[in-house]
Amino acid sequence: MSELDIAGQPPVSLDIVKYMRKTRGGKIKTATKSKSNRAIKITLFVLLALTIYGFLTFDYKNVDIAKAMAGTWNNVKVLFGQPKLTYGTWGGSLKALFVTFSLGALATIFGAIIAFFGSLLCAKNIANPYVANITKSFVAFIRAVPTILWVLIFTVAAGLGSVAAVIGLTFHSAGYLIKAYAESIEEMDEGTIEALKASGASFWQIVFQAILPSSISRMTAWTFLRFEINFTNALAVGAAAGVGGIGFDLYMAGNHYFDLRELGYITYIVVAAVILLEMIATKIKATVR
Amino acid sequence: MPILEFKNVSKVYNNITKALTDISFSVYEGEFVSIIGPSGSGKSTILRCINRLVDVTQGSIIFDGHDINKADKKEIRQVRKKAGMIFQHYNLVDRLSVIENVLHGRLGYKSVMSGVIGHYTEEEKEKAFQILAMLGLTEQAYKRCDELSGGQKQRVGIARSLMQEPRLILCDEPIASLDPSSSKIIMDHLSDINETMKITCIANLHQVDVALKYAKRIIGITAGQIVYDGPPEKLTRSKIYEIYQSDEGELITDVK
Ligand SMILES: Nc1ncnc2c1ncn2[C@@H]1O[C@H](COP(=O)(O)OP(=O)(O)OP(=O)(O)O)[C@@H](O)[C@H]1O
Ligand SMILES: [Mg+2]
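Residue numbers (numbering that gives the first Met the number 0), protein chains in the order written: chain A, 0 to 288; chain B, 0 to 255.
The shape of chain A in the complex, shown without the other chains (with noise of 0.2 Å):
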């Protein structure tokens, strides 16, 4: 029988009742009214009266929104559809590709080396509790500075250049990749490492024969996501810190030379150059499981 057979059975006693929530039009509620529901609901709240707000008190310079459509859909079209090499070369533009791939590179590798041992310090099943605390806290601000920035700041001491640019990334690299290199050793089944702290190894036996081994697939495939990022911001970087690579030229063609065509050209290369690293990465996330 496909349906629910209530009526052969007795009436729902007083007793289940009570125990029943219910909503205002009467049925009987599913979910529970817990804090993190009520915050959702305010978080959307807000956001919608922002949106409201925004476009209620926007300066909009008296545009004509059908022609400003219009332009757009041109330069889109522009964009797109007629890419052309005018001031740079195809052999040049790849050139830069391959400098703003190796920054993106050198950072996530930086990055990663020092995430590794600094993850150690801060996951909680292996970690003094009170020094992955400090860690955590000092990691955190790492993050919440933006990676455009680091990189500022370091130009700072280095001078503008690859090297400023580096060390920003692979600052901020770090951060994100300790909390999510510690977040996978906290997954690990703790009896493991228990159990060989009971053979009589030693604490880097052990994080190299059990934890290791234990993580290293959520290790590489948070470490191939962060190298995407790292891949956008060696872009950014490349115009703001005066590095060089596709994103100074990217930055050259829109800003300097006003160029739609050129800047669609460079736009295709770097789409085909990161669904090219984006097909590697799953290569390699495929054999390390």
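One should not assume that every hint holds.
Okay, derived cross-link-like pairs now, DSSO-like style, lysine-lysine, Cα gap no bigger than 30 Å in a straight line [stated by the list, open to error]:
hint: 1; chain 1: B; residue 1: K215; chain 2: B; residue 2: K233
hint: 2; chain 1: A; residue 1: K94; chain 2: A; residue 2: K76
hint: 3; chain 1: B; residue 1: K72; chain 2: A; residue 2: K123
hint: 4; chain 1: B; residue 1: K69; chain 2: B; residue 2: K6
hint: 5; chain 1: B; residue 1: K81; chain 2: A; residue 2: K123
hint: 6; chain 1: B; residue 1: K126; chain 2: B; residue 2: K183
hint: 7; chain 1: B; residue 1: K197; chain 2: B; residue 2: K212
hint: 8; chain 1: B; residue 1: K6; chain 2: B; residue 2: K73
hint: 9; chain 1: B; residue 1: K142; chain 2: A; residue 2: K282
hint: 10; chain 1: B; residue 1: K69; chain 2: A; residue 2: K284
hint: 11; chain 1: B; residue 1: K73; chain 2: A; residue 2: K123
hint: 12; chain 1: B; residue 1: K6; chain 2: B; residue 2: K17
hint: 13; chain 1: B; residue 1: K197; chain 2: B; residue 2: K81
hint: 14; chain 1: B; residue 1: K233; chain 2: A; residue 2: K135
hint: 15; chain 1: B; residue 1: K72; chain 2: B; residue 2: K197
hint: 16; chain 1: B; residue 1: K212; chain 2: A; residue 2: K123
hint: 17; chain 1: B; residue 1: K212; chain 2: B; residue 2: K238
hint: 18; chain 1: B; residue 1: K109; chain 2: A; residue 2: K123
hint: 19; chain 1: B; residue 1: K81; chain 2: B; residue 2: K215
hint: 20; chain 1: A; residue 1: K123; chain 2: B; residue 2: K69
hint: 21; chain 1: B; residue 1: K6; chain 2: B; residue 2: K142
Simulated from the structure, these hints should not be mistaken for laboratory data.
Got chain A; can you put chain B with the ligands on it based on the hints?
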């Protein structure tokens, strides 16, 4: 001389939970002791005090001539490699191969560096294979541990502890997650190891009938205190009810 001696040991967790109160007993070389008692009575705590996974609050434990509680870090490692441990949930490194997990038993003997990179001598590897053969696991040697059945995993756990060349094996509910036939295989192996290799065995068991069948000595604890210590033949029904603090007929593992 006993291989293991508990002298008036008490353990209080976090200043509140009294896990053990004034526990004293000695274990002699070659004994097979089973500790029984209700959940939360302190069985695991007793075993974990022996290899200092927990520190006792009062009293002393002498193992293999060392006062465990006075041992420094280096000595603890020395003590631990002489006491193998087997767990209810096996606690293997799932992504590593069976043979790698077995070789983990050698880590206590190795320099930090060769342990870190997982470098083992040919003799160690041969020994690991001999132990696997003894436990009927040679075919699984290169499988990843997460591909094994529970019974096989527990045998890998036993192999790992034998690799330590221990004088004592501590088993914390070794068969609690296994079906009856795998349980029998595990208990037979432990019994065999105890008899032929003369390795002392202390096993926490939930199944009274299994304890009675395999152990040569039973220690019954209730609420952190020893209420029975003697051979299985002398453990009367009423004593069992006392250990589990239940009335006659209420135990699921009622014995004849
Ligand atoms: N790490 C810990 N921190 C605080 N209290 C603990 C800890 N480990 C055990 N206890 C407490 O100590 C007491 C004894 O626990 P123990 O694990 O030794 O019992 P057990 O006999 O092994 O129980 P079970 O048969 O369920 O495994 C229990 O009250 C338990 O709650
Ligand atoms: Mg226990």
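For this structure, which hints from the list above don't hold up?
As far as the earlier hints go, 10, 14, 16, 21 are violated by this structure, in ascending order.
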